[in-house]
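Position chain B relative to chain A; hints supplied.
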Amino acid sequence: MRFDTPASTNPIDQLKVVGKATPRIDGKLKTTGLAPYAYEHHEVAPNQAYGYVVTSAISKGRIGSMNLDAANAAPGVISIVTAASAGKLGKGKYNTAKLLGGPEIQHYHQAIALVVAESFEEARAAAQLVRVEYLRSNGQYDLGHDLAAAVKPQGEAPDTARGDFAGAFSAAPVKFDETYTTPDQSHAAMEPHTSMATWEGEPDDRLERRRRRYDPRAGQGKRPSGIALHWRWFRWQAVHPL
Amino acid sequence: MRPFTYVRAQSPAEAAAQAAKTEGAKFIAGGTNLLDLMKLEIETPLHLIDVNDLALDRIEATPEGGLRIGALVRNTDLAADPRVRKDYGLLSRALLAGASGQLRNAATTAGNLLQRTRCPYFYDTNQACNKRYPGSGCAAIGGVTRQLGIIGVSSACIATHPSDMAIAMRVLDAQVETVRPDGTTRVIPIADFHRLPGNTPNIETSLAANELITAVTLPAPIGGTHIYQKVRDRSSYAFALISVAAVIQSNGKGRVALGGVAHKPWRVEEAESLMPDGAKAVTAKLLAGATPTHENEFKITLAERTLASVMAQARAAS
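If you're matching them up, the sequences are chains A and B in order. As numbered in the numbering used here, the first sequence has no gaps in its residue numbers, which increase by one up to the final residue, 242. As numbered in the numbering used here, the second sequence has no gaps in its residue numbers, which increase by one up to the final residue, 560.
Okay, chain A solo, but in the shape it has when bound (with noise of 0.2 Å):
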């Protein structure tokens, strides 16, 4: 079997860019360690405080109560957001869950509060000291298990590319039948993802929000939807991998 013609319009298999040697311009900044990640642009915030967020322990359930004492105590702490403090919360077109639950947990890890400290190490330590108690109730983890209740997504036509799998499998002078399950995978970005925002005179006037991305088409000149902000979004800017 060749594989010498693209197998579909996809620009991957059309080897425009994918598979062609490319000079990067961000290689030897990556590769000197000169590169910054989206939190040390400290140019625009010399002075910027830094956040932690604190997750659920369970998957599905309630918030019965939240003790922020011993955190708000802590050493430099400049303030806690959580669902209860953030004001309204709405969601993102393609988020299926709140950016912070409470009192509904809707996943496991979801975030439920944001520590704010003078320093990173401040934020994790006062993270660390939110007491939270937990109403459980059950859900669903198997995906397998679940997969005769599983429906097709709707809307955008999916990018995908099927040839003709069965006259090629019954046509093919050797075959092996065999069921392989391979394990989960993720993609994980190559640092933590990032948001810096900056405020310019008093809050209404202006906020510019710096964030790490890796699809340059997901952030340019749209306002984050998802936190309904009372500020007004002048600028916002995308800071590119480098």
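Hints are supplied without guarantee of correctness; some may be wrong.
No more than 25 Å apart at the CA atoms, straight line, and that leaves these computed lysine to aspartate or glutamate pairs for DMTMM-like [what the hints assert, rightly or not]:
(1) K281(B) / E40(A)
(2) K88(A) / E133(A)
(3) K281(B) / D69(A)
(4) K281(B) / E133(A)
(5) K268(B) / D292(B)
(6) K281(B) / E118(A)
(7) K268(B) / E121(A)
(8) K281(B) / E121(A)
(9) K268(B) / E122(A)
Ranges of calculated distance between the beta carbons of each label pair, as one might list FRET restraints [what the hints assert, rightly or not]:
(10) A7(A) / A558(B): 57 to 67 Å
(11) Y180(A) / L516(B): 50 to 60 Å
(12) G139(A) / A462(B): 51 to 61 Å
(13) H107(A) / R300(B): 48 to 58 Å
(14) Q48(A) / R476(B): 26 to 36 Å
(15) P11(A) / K328(B): 46 to 56 Å
(16) S515(B) / T96(A): 56 to 66 Å
Derived by calculation from the structure, the hints in this document are not laboratory data. Glycine included, each C-beta is placed from N, C-alpha and C at the ideal position.
Chain B in isolation, oriented as in the chain A frame:
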């Protein structure tokens, strides 16, 4: 991370003695595992005793024809030592199968033996774990167990020991030399060094409180073909689903231990007499009494096939 105090010790006996008189003390060498665990507040020492100045970083010949490996010899240096490469190739290969170049540059011989399990329920402080909080239960049982133990497990813990190096050390009959707070020393055979979890999975080795490892010794070389084969979900920078460490002689006899299956390097000497009969016979004896979950019962088949591959490689090499 919790606040802690920090000192640099000047001699092994002094380090052990100081640990004994300071509450919540822990030794730190490479720190490649301990610092991660401290950031997550899985380990919360009150006092760190840095042992990097103790001049335990040499590899020396022993009068018996073996090697004494200082506790602070870095994994990279141990794997690259010409004597290790020539006479204990298994050890070199096992070391290079683990972690990354950067981690091996910092990680020490003693620290490698003492690293904690990578069971995800041990790492997630939201979950019950008898290692972190004895008596809290084991969330891994009934959970996601693909990576976890299949033999020697208990109703309190099904974690595995993550080390590659330790599997090779077990096959090579290494011995662990220590010093205690009162200044006395002792030698612990590697077979007795790591423990099964039982009802006290928080106690992972036979070291007494504040006992410090000073060296690991290897007996004289035993020849044979040295193979370490590690099978994992990702071809680099991942822990073993199964690893096979073997020294096989030209007559087909040899030694074998498994990684990725138990709370300690898994070697059953009686199984080794079956090596001329093939991998199936050896694995049946080696893993007799295994109690895998439905998610990790594949490890029994995988162990047998990996051993078969190792034995075929040994035949081809001899």
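Here is what the structure says about each hint:
For the hint pairing K281(B) with E40(A), the CA-to-CA distance comes to about 21 Å; that is within 25 Å, so the pair holds. The suggested pairing of K88(A) with E133(A) holds, with an alpha-carbon distance near 23 Å, which does not exceed 25 Å. Between K281(B) and D69(A), the direct Cα distance comes to roughly 22 Å. Compliance with the 25 Å bound is thereby established for this hinted pair. Between K281(B) and E133(A) the CA atoms are separated by roughly 23 Å; this keeps the pair inside 25 Å, and the hint holds.
A distance of roughly 9 Å separates the Cα atoms of K268(B) and D292(B); the hinted pair therefore holds under the 25 Å criterion. Proximity of K281(B) to E118(A) is assessed by CA-CA distance (about 18 Å); at most 25 Å being required, the pair is judged to hold. Our distance criterion of 25 Å between C-alpha atoms is met by K268(B) and E121(A), whose separation comes to about 21 Å. Note on K281(B) and E121(A): the hinted pairing holds, with a Cα-Cα distance of about 9 Å set against a maximum of 25 Å.
Taking the CA atoms of K268(B) and E122(A), the gap is about 23 Å. The hint holds against a cut of 25 Å. For A7(A) paired with A558(B), a C-beta distance near 38 Å fails the hint of 57 to 67 Å. One distance hint, 50 to 60 Å for the beta-carbon pair Y180(A) and L516(B), is violated here, with the actual separation near 31 Å. Between G139(A) and A462(B) the C-beta distance comes to about 58 Å, which sits within the given range of 51 to 61 Å.
For H107(A) paired with R300(B), a C-beta distance near 52 Å keeps the hint of 48 to 58 Å intact. The supplied range of 26 to 36 Å is met by Q48(A) and R476(B), whose beta-carbon atoms lie about 35 Å from each other. Remark: the range hint 46 to 56 Å for P11(A) to K328(B) is upheld by a beta-carbon distance near 52 Å. Taking the beta carbon of each, S515(B) and T96(A) are about 58 Å apart, inside 56 to 66 Å as hinted.
Consistency note: the structure conflicts with the earlier hints numbered 10 and 11.
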